[in-house]
Amino acid sequence: MNKILAIAFCLIILLSGCAKKDERVNIQFASWGSKTEVEIIKSVISDFQTENPDIKIEFLHIPQNYFQKLHLLFASNTEPDVMFVNNLYLPIYANAGRLEPLSVPQNIYDLKILNALSWHGDLYAIPRDISLLVVYYNKDLFKRAGVEAPQSSWTFADMLEKSRKIQAKTGAFGISFEEEPLFYLPYVMSEGGSFYDLESEDTHRALEFYADLRGKYHVAPRSEESASATMAQMFLQEKIAMHLSGRWLTPKYTQDAKFQWGIVPFPRGSKGSIVPLDASGWAISKASKHKNEALRFVEYLASKKVIEKFSETGLIVPARNDVDFSGKEVYLKTLKTAQPTPVSVDYNKLLDKLKIALEPLFNSLLP
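Quick note: the sequence shown uses the numbering used here, first residue 1317, plus one each step.
Derived from the structure by calculation, the hints contain no laboratory data.
It is possible that some hints are incorrect.
As the list claims (entries may be wrong) - Cut-off 20 Å, straight-line C-alpha distance, at most; resulting in silico cross-link-like pairs (SDA-like, lysine to any residue): (1) Lys1602 <-> Phe1375; (2) Lys1665 <-> Asp1513; (3) Lys1620 <-> Lys1605; (4) Lys1428 <-> Ala1573; (5) Lys1372 <-> Asn1608; (6) Lys1481 <-> Glu1495; (7) Lys1649 <-> Lys1358; (8) Lys1625 <-> Lys1428; (9) Lys1605 <-> Asn1342; (10) Lys1625 <-> Lys1649; (11) Lys1587 <-> Lys1665; (12) Lys1485 <-> Lys1587; (13) Lys1459 <-> Leu1476; (14) Lys1372 <-> Asp1640; (15) Lys1358 <-> Lys1602; (16) Lys1459 <-> Ala1573.
Just so we're clear, the structure is a prediction, and the values are computed from it rather than from any experiment.
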């Protein structure tokens, strides 16, 4: 009997050893992201955990309605330790004191980028990428129409003239048109206006010119002409010669375009060529119980080798100035005159009001 008890006791010891508790610090990390981005993130997490065996990363992928769900997590005090945020929503959390102030070596980032992810002088997210709008153009359509390709010093008047000539020669629309504020803000900023003051002369002039591209001059597609097609789809179908958008379309155009294309900075208005600068990066919750470990993870995410992985896909313009990428010269030129999007805690409410206020203007069909 004693022998049986001894065996049972040994089994208990062995089983208890097998069920040893995971003593790693658990860090929850939330992010949105495409399939390509998620694959990179998972790979980065795996590498980080190998190098940091005392930390376990719980990845919370939220592909849709990201910020609405993040709001709910904050409201229930269950927000993740680390979260991917952008400058458009960061003020909401920073103003409420829900994010941890951070610091980075300033020689790695342009000051404008750091300012975009700051609130009242404090940095609240370590930058990953920036969003700058450029003009994609169809080189083949320009050549077919006998129109000189746009240059970096071109103007609003040049863009209109080229659009009209290309349309007359090929039947394709000259320039894209989208009613989201992101795509008309460059026109407003380049004329010295602000969408916080729709009544100013500069703002009115810019919005009128933008609306006229569709209504008066008809060099941009009207809503019924694009129907359910996106501007990117129309560009690929060679129905639009120029498309104002960001680097996130580079992989798609590289893979799917059956024609030669290039990029050029946004044209100059009366105040210059000014596009909004948006930025995204990684923030740490003020309520995190493991801030040191969370910071180690964020610093790893922001390292040069990781940013290079994201940049290689063509999806992002890296925030780090020591990372090379395709089209860098055009984006650096654009960055010189770009200005951070003027956001506030109520920014998204403002956007909703703008959509309602400007819908009649953008869809009026002038002779």
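Hints versus structure:
1. Lys1602 <-> Phe1375: The given pair, whose Cα atoms are some 19 Å apart, holds under the 20 Å limit.
2. Lys1665 <-> Asp1513: With Cα atoms ~15 Å apart, Lys1665 and Asp1513 stay inside 20 Å; holds.
3. Lys1620 <-> Lys1605: violated, 27 Å
4. Lys1428 <-> Ala1573: violated, 33 Å
5. Lys1372 <-> Asn1608: At roughly 13 Å apart (the allowed maximum being 20 Å), Asn1608 and Lys1372 satisfy the hint.
6. Lys1481 <-> Glu1495: violated, 24 Å
7. Lys1649 <-> Lys1358: It is violated: about 33 Å lies between the C-alpha atoms, which goes past 20 Å.
8. Lys1625 <-> Lys1428: Cα-Cα ~23 Å, so violated.
9. Lys1605 <-> Asn1342: The given pair, whose Cα atoms are some 10 Å apart, holds under the 20 Å limit.
10. Lys1625 <-> Lys1649: Violated, because 23 Å separates the two Cα atoms, which is more than 20 Å.
11. Lys1587 <-> Lys1665: This hinted pair is violated, its Cα atoms lying about 28 Å apart.
12. Lys1485 <-> Lys1587: violated, 31 Å
13. Lys1459 <-> Leu1476: holds, 17 Å
14. Lys1372 <-> Asp1640: The given pair, whose Cα atoms are some 31 Å apart, is violated under the 20 Å limit.
15. Lys1358 <-> Lys1602: violated, 25 Å
16. Lys1459 <-> Ala1573: holds, 16 Å
The structure is inconsistent with the numbered hints 3, 4, 6, 7, 8, 10, 11, 12, 14 and 15, although it conforms to all the rest.
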